[in-house]
Amino acid sequence: MYGLTLEQVRVVRAVDACMICASAVSGFKSGIFAVDHCHGSGVVRGVLCQSCNFLLGNARDDVDVLLGAIKYLLKDHEAEPWNQGARRAEVLAERKEQRLTARLAQSERALDAAEQRVKELEAVLGEVAEDAAVAARRRARDADAVEKFIGEFILPAPSGSSRITAGALRTAWADWAAGASCPVQSLHEALHRLGGRHRRSSTGRYWDGLALRSSSRPDVRT
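Adding 210 to a residue's 1-based position in the sequence shown gives its number in our numbering.
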């Protein structure tokens, strides 16, 4: 194509860098550097990478064009009326600061929302804890009421009577009066509904004659 001898071709292929930019990468898919030649005389000038080969081709091998490009690159462009110069750096800095400020504001909003959510959850937990404490106090109060009821209305029963046992009383409470606001009254109602009889003796009032029945457990009789 270029009239080279075999030996000249070997010498050209042995070149391992662009003769303009000294790049060791050709830029071509083949990995081989381009053989550069003068488009006027056809004389081979050397080997170039893809970018430098395009550079000369786009400049049409015109030295004045290439020198003009060099002068253009060496020129102080800050003196041009359209050049941003230092203002360009200020604008970029201002934009960067605006982006950082926006991100900071977004982060602060997210933090405020998270803190508000934490407060809401703490309030809910506080209400749950308060409800649990109230329930615990209610259970303690009910247990005290049951024990007091046992002492006042069961233990005074005369010997030999078919009195209601403490276990039967607690079963009646669990079956009929769970969560009642007035445990003693609920116990009275539960025992009445279960068939107990309210009696008096010389030692005080008592309950007797109760037979507990449930479909989920064997009969419990006293």
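In short, the hints are calculated from the structure, not lab data. The beta-carbon is built from N, C-alpha and C at its ideal position, and this holds for glycine as well. Check before you lean on any hint, since a few could be wrong.
Between beta-carbon pairs, the in silico distance windows are [to be verified]:
(1) A315 - F238: 44 to 52 Å
(2) A227 - Q308: 44 to 52 Å
(3) G336 - P366: 41 to 49 Å
(4) L216 - V273: 43 to 51 Å
(5) V273 - T215: 24 to 32 Å
(6) A315 - D226: 25 to 33 Å
(7) A350 - R410: 55 to 63 Å
(8) A299 - H247: 25 to 33 Å
(9) F238 - V275: 18 to 26 Å
(10) V253 - H287: 45 to 53 Å
(11) S251 - Q308: 52 to 60 Å
(12) A224 - S251: 48 to 56 Å
(13) T413 - A353: 18 to 26 Å
So, going through the hints one by one against the coordinates:
1. A315 - F238: 44 to 52 Å: Roughly 51 Å apart at Cβ, these two residues keep to the hinted range, so it holds.
2. A227 - Q308: 44 to 52 Å: The hint (44 to 52 Å, Cβ to Cβ) holds, given that A227 and Q308 are roughly 46 Å apart.
3. G336 - P366: 41 to 49 Å: holds, 45 Å
4. L216 - V273: 43 to 51 Å: violated, 32 Å
5. V273 - T215: 24 to 32 Å: holds, 29 Å
6. A315 - D226: 25 to 33 Å: violated, 56 Å
7. A350 - R410: 55 to 63 Å: Since A350 and R410 have Cβ atoms about 30 Å apart, the given range 55 to 63 Å is violated.
8. A299 - H247: 25 to 33 Å: Check failed, 45 Å falls outside 25 to 33 Å.
9. F238 - V275: 18 to 26 Å: Holds - the Cβ-Cβ distance for F238 and V275, about 24 Å, lies within 18 to 26 Å.
10. V253 - H287: 45 to 53 Å: violated, 37 Å
11. S251 - Q308: 52 to 60 Å: holds, 59 Å
12. A224 - S251: 48 to 56 Å: violated, 24 Å
13. T413 - A353: 18 to 26 Å: holds, 24 Å
In terms of the numbered hints stated before, the structure departs from hints 4, 6, 7, 8, 10 and 12, listed from lowest to highest.
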